[in-house]
Each structure stands twice: as C-alpha cells, then as structure tokens.
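Colleague: Given these sequences and hints, build the entire structure.
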Amino acid sequence: MERIPILRMGSFLLVTIQVDMHDRLAMTLQDDLTTKIVQTGADGVLIDISALDIVDSFIGRMLGNISAMSRILDAETVVVGMQPAVAITLVELGLSLPGVRTALNVEKGMAILRASRTLLGEEENDDVSLEE
Amino acid sequence: MTTPAGGSRITEVLNVQENELLQEWIAEQRQSGAARPDLIAAADLQDQGREFLGLLRQAVQSGEFSNINIPAWSGVRDLLTELSRTRARLGFAPSEVATFVFSFKQPLFAALQKAHAGAPDGFISDIWTVTQMLDKLGLLTTEAYLKSREEIIARHQEEMMELSTPVVQLWQGIVALPIIGTLDSARTQIVMENLLQAIVDTGSEIAIIDITGVPTVDTLVSQHLLKTVAAARLMGAECIISGIRPQIAQTIVHLGVELNDVITKATLASAFALALQKRGMTVAKVSQIKS
Chain A
1 MERIPILRMG SFLLVTIQVD MHDRLAMTLQ DDLTTKIVQT GADGVLIDIS ALDIVDSFIG
61 RMLGNISAMS RILDAETVVV GMQPAVAITL VELGLSLPGV RTALNVEKGM AILRASRTLL
121 GEEENDDVSL EE
Chain B
1 MTTPAGGSRI TEVLNVQENE LLQEWIAEQR QSGAARPDLI AAADLQDQGR EFLGLLRQAV
61 QSGEFSNINI PAWSGVRDLL TELSRTRARL GFAPSEVATF VFSFKQPLFA ALQKAHAGAP
121 DGFISDIWTV TQMLDKLGLL TTEAYLKSRE EIIARHQEEM MELSTPVVQL WQGIVALPII
181 GTLDSARTQI VMENLLQAIV DTGSEIAIID ITGVPTVDTL VSQHLLKTVA AARLMGAECI
241 ISGIRPQIAQ TIVHLGVELN DVITKATLAS AFALALQKRG MTVAKVSQIK S
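Respectively, the protein sequence lines represent chains A and B.
Sequential numbering from 1 applies to the first sequence in my numbering.
Sequential numbering from 1 applies to the second sequence in my numbering.
Derived by calculation from the structure, the hints in this document are not laboratory data.
From the three backbone atoms N, C-alpha and C, an ideal C-beta is built for every residue, glycine too.
Don't take every hint at face value.
What the hints assert, rightly or not - Okay, derived cross-link-like pairs now, DSS-like style, lysine-lysine, Cα gap no bigger than 27 Å in a straight line: (1) B:K278 with B:K265; (2) A:K108 with B:K136; (3) A:K108 with B:K227; (4) B:K265 with A:K108.
Stated by the list, open to error - Selected chain B positions facing chain A (Cβ under 7 Å, derived; list incomplete): (5) M192; (6) L196; (7) K227; (8) A230; (9) L234; (10) M235; (11) G236.
Modeller: What follows is the structure in structure tokens.
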C-alpha cells in the first residue's frame, strides 16, 4: 500500500504530499504521523502541500485534525505551499482551518518552527548547547 | 404570372432611375429622423446611399431576389454590415439603422408603380419581391448592429475586469490590492485569484487590501473580504485591510460583522508602516541614519 513518507529533520518532521490524496491515504498519514511524533518526540511538523492541486472537504478537515492532534502531542504544525486554487476551494467549503499555521514555502515554514521553538523556553537551550 | 427576370421591372427601375431614387430615399430618411445629421454628414449619407444602390443594382443582375446569402449579394451584405457597425459605434439607435434600408421601400414602390402603370399583376408581384428582399436586408442590419454592440459590451467588460484588479508590489514581501468599485461575487473571485497568484509569484508574506475605493460595505462584501483574507492566510500570507472610511466603520459595526480576526487600518500608509514593521524594517530619515 502506498504511504506518504515522513522525514525527520532534527527535531522537526517533514511531510511532503506529492500524490493525489485519497481518504485512506489521509487516514494512514494521520496514524503514521501521530505515531512518529510520539516516537521521535518531535516538536514541529511541517506539511508541504505545494504539489497538491485537488482537495475536498475531507482532506481539508484532515489537515485541521492533524494539526490539532500534533498540538496535543506538543508539536506545532505548519502547512506550507498551498496553491491559490486549493486555498479558494477550502475557503468556499467553509474550512478556513483557524488553528493551522501556514507559510508560503518550506523555508519560511521552517523559520516559523525554529522561531517558535526558541520562544518556547530556555530549558531547551541546554540541549542546544550540548549539541554545540 | 411573370418571372422575376422576365416580367419584373425591378432591375430596370434600379438601372434607369438611380439618381431619382437616391434623392427621394435620402429625403425620406431625413423626414423620418433616421438620417441623424448630428452624427453623420450629409455628404457621407449621400455616398453611402449611392454605394448601396450601386451594389444593389449589381446584385439584382443575378436575378435572385429572395436569397441574399448567395455570393452575388456579398457586396450588399458587407456594405450593410460595415454600415451597421460604424453606426452602432456612432450611437445610432437600432431602429434608425434599420430605417436606412426600410426607408428605401417608399421611393422604390413609387417608381415601380409608375413603371407598371396599367399592369397591376406585375406591380403586386414586384412589390412582394422587393418587400421580401428589403426586409431581409433590414434584418441583416439589425443583426450586425446587435453583434457589434455585443462586441463593444464584451470588450468593455473585459477592460473593466482588467482595470479593476491590479495587484501592486509595495516592497519585497509586501503586496497591495487597491479595490475600486463594488465587490460582487464574480469580482471577488477574480480579485481573490489575482491576489493569491501575486502572493505566490512574489513570495509575499503580507498583503494589504485597500478598500478606499469601495463605495459601500454590506454583509455580502465583508463576507467576500473575509473569504479573501482566509484564503491568503491558508497560503501563508497575512492580510491587512486598510482604507476603511468612518462611515464604513460605522456600517460594519451596525451590521454586526465580525472583523476581529483581521488587522484593519484606517489608511494605506499606516497599513504599510505596520507591514514594514512586521518584516523588521522601518522608514527613517537619512539624517537620523547618519547620526
């Protein structure tokens, strides 16, 4: 069965959706991602949907759900690279995804995750200094 | 019964009495008020009439009166189409354009009556032929008139749409969309698409929507604005709405529209200042930088 790969980058998880999302694939992604967040203790998830040009209400809701689940697991989600047509469709469907953070591209999304991580607290500074 | 080529005297009348017909016809047009001396010069009208008569004479040589779609009539058809087009542009009413052809009936009937003196059967037959022919030509002018009017309207609409939705880049990462005129659903769609595309193209994180030029903001317009803002946010850009006039601020509150989640500013200048601040930039005087 096809799966969407989840890549680990430091303390962040990177998900790039490059195929047409169908409902089962979305559910699998939800499962895999939550498992992976718990496994790795990641504190940021970046979902790149720049290659996604068709969405329906289910996929829209799923994006919202994933982001809500990650927040419960203490990882912030940023959705990046949404196509204009997709954005219009989601808004017309009444899904403006209020709880989801967004960014124009992967680079800016990463910047947001890094910024919020440094804001989170000074405790993590210990880890950072150890790495250095 | 006479055949058009044999007993008919239409061709003959057109050939022999061309000048008389033309003068009477033009007088008829003047009288009916369709000549519109304010829009078209008398000499031009005369030229158009003469050209039409000349082409009509050639066309009737073919002996075909009822079917004006055959190649022999192409000269007349082209002339009338072109004439209707120009007149539509000049501001003629459709009835005035059609009258150009229909007013030719009276002089032609009178001439035919004289030519058929003492032969009522041939006269009636010719009248019928001529009426059919001129009616078809008259309808042709109306069709051409409407077509050219539609073209004009379509072009104007296109121009309006293009004019109405420019997205301007104010700074690196800051685009602005000044909206002028009422926002309806169709325009919102175009505005939204243009703005989102511009956000992608320029990689802008901040979009300023300036509604100084929007005359009224009702619940529908504000809903459209909120949709645009939500779509831009989904793409990762932040929206600032600026140019809210005092009356509009009052209307928005009276209508109970929730604009709480959107940053709003009174002027484009203050929105731009905020945008720069968000991007970590500022505008300063040269002297201040040097000191």
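Colleague: Tell me, in ascending order, the numbers of any earlier hints that this structure violates.
Modeller: 2
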